[in-house]
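Undergrad: Work the whole structure out from these sequences, hints included.
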Amino acid sequence: GENVEQHPSTLSVQEGDSAVIKCTYSDSASNYFPWYKQELGKRPQLIIDIRSNVGEKKDQRIAVTLNKTAKHFSLHITETQPEDSAVYFCAASIKGNDYKLSFGAGTTVTVRA
Amino acid sequence: SAVISQKPSRDICQRGTSLTIQCQVDSQVTMMFWYRQQPGQSLTLIATANQGSEATYESGFVIDKFPISRPNLTFSTLTVSNMSPEDSSIYLCSESTSSTDTQYFGPGTRLTVL
Chain B
1 GENVEQHPST LSVQEGDSAV IKCTYSDSAS NYFPWYKQEL GKRPQLIIDI RSNVGEKKDQ
61 RIAVTLNKTA KHFSLHITET QPEDSAVYFC AASIKGNDYK LSFGAGTTVT VRA
Chain X
114 SAVISQKPSR DICQRGTSLT IQCQVDSQVT MMFWYRQQPG QSLTLIATAN QGSEATYESG
174 FVIDKFPISR PNLTFSTLTV SNMSPEDSSI YLCSESTSST DTQYFGPGTR LTVL
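Sequences listed follow chains B and X, in order. Here my numbering is used: position 38 in the first sequence is 38, and no number is missing along the way. Every position in the second sequence, counted from 1, becomes a number in my numbering once 113 is added.
Everything labelled a hint here was simulated from the structure, so no lab data went into it. Misleading hints may appear alongside valid ones.
Unchecked claim - Heads up, simulated DSS-like pairs for lysine-lysine below, C-alpha to C-alpha not over 27 Å straight-line:
id : chain 1 : residue 1 : chain 2 : residue 2
1  : B       : 37        : B       : 58
2  : X       : 178       : B       : 71
3  : B       : 57        : X       : 178
4  : B       : 95        : B       : 71
5  : B       : 22        : B       : 37
6  : B       : 22        : B       : 68
7  : B       : 68        : B       : 57
8  : B       : 68        : B       : 42
9  : X       : 120       : B       : 42
To be verified - Every beta carbon over 12 Å from chain X, so not counted as near; a handful from chain B, in silico:
id : residue
10 : 8
11 : 11
12 : 63
C-beta: ideal position from N, C-alpha, C; glycine also.
TA: Laid out in structure tokens, this is it:
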């Protein structure tokens with residue numbers, strides 16, 4: 001099955017700086033890559049996603065890039081704010097595989113004021 | 114996205130007992146899934162809840178331990194059977210519609226087994 005690796009496991013950044021989280025996947029048939037943010041005690045919330053026919057997608061301060069050849073995708077958060085502190089999970093799924101998601105191990109992001 | 118609710122939100126149970134978790138979606142959805150999130154860990158898919166038929170389980174999960182029902186397009190249950198302390202986790206349901214592979218999660222059920 002699909003194997004998703006996520007780095008780093010923890011990330012501490014100064015408020016206003018950028019944060020980058022990287023994920024790699026193993027199955028070249030994967031074509032959907034969502035990112036979830038999970039605050040303490042809360043459910044995972046979808047913050048952005050990208051499909052394999054697109055190389056980059058932006059939504060305000062967050063962006064995701066996809067390199068299909070290298071089988072990796074990254075989350076970029078610019079101008080970080082204290083409310084960006086959370087655990088972030090990347091995931092991958094294969095179209096036609098009943099939309100089943102394989103998750104990375106997660107990155108704990110701490111934004112220092 | 115659909116509004117998803119789960120009951121109970123949390124429970125403390127004795128080992129050897131069983132707990133049934135309910136997941137309700139406010140609109141008809143194609144796919145419903147059950148995940149486990151152990152303390153400090155990522156999400157692991159337990160099974161896909163199929164409407165009107167047996168669930169599809171992932172490797173390492175079996176129907177005897179995690180029986181699942183999905184009687185219609187808006188409701189599913191997950192039972193954690195014969196519980197042990199190792200079953201202490203957050204259990205989350207999620208939904209997806211056929212027009213997109215986007216998944217949204219319920220609020221989760223925090224289970225503690227003593």
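Undergrad: Hints first: check each against the structure and report whether it holds.
TA: Hints, verified against the model:
1. Taking the CA atoms of residue 37 of chain B and residue 58 of chain B, the gap is near 16 Å; set against the 27 Å cutoff, the hint holds.
2. Under the criterion of a C-alpha separation no larger than 27 Å, the hint pairing residue 178 of chain X with residue 71 of chain B is inconsistent with the structure, at around 35 Å.
3. Straight-line distance between C-alpha atoms of residue 57 of chain B and residue 178 of chain X comes to about 41 Å, which puts the hinted pair past the 27 Å bound.
4. Of the supplied pair hints, the one linking residue 95 of chain B and residue 71 of chain B holds, its CA atoms being roughly 16 Å apart against a limit of 27 Å.
5. Taking the CA atoms of residue 22 of chain B and residue 37 of chain B, the gap is about 14 Å. The hint holds against a cut of 27 Å.
6. In summary, the hint linking residue 22 of chain B to residue 68 of chain B is supported, as the alpha carbons are separated by about 13 Å, within the 27 Å threshold.
7. At roughly 14 Å between alpha-carbon atoms, residue 68 of chain B and residue 57 of chain B fall within 27 Å of each other, so this suggested pair holds.
8. For the given pair, residue 68 of chain B sits about 32 Å from residue 42 of chain B by alpha-carbon distance, which is inconsistent with the 27 Å threshold.
9. In summary, the hint linking residue 120 of chain X to residue 42 of chain B is supported, as the alpha carbons are separated by about 15 Å, within the 27 Å threshold.
10. Taking the minimum C-beta to C-beta distance to chain X, about 14 Å, the non-interface status of residue 8 of chain B holds against the 12 Å cut.
11. With a least beta-carbon separation of about 16 Å from chain X, residue 11 of chain B lies farther than 12 Å from that chain, consistent with its non-interface assignment.
12. Against chain X, the non-interface label of residue 63 of chain B holds: every CB pair exceeds 12 Å, the least being about 18 Å.
In summary, the structure is inconsistent with hints 2, 3, 8 from the numbered list given earlier, while agreeing with the others.
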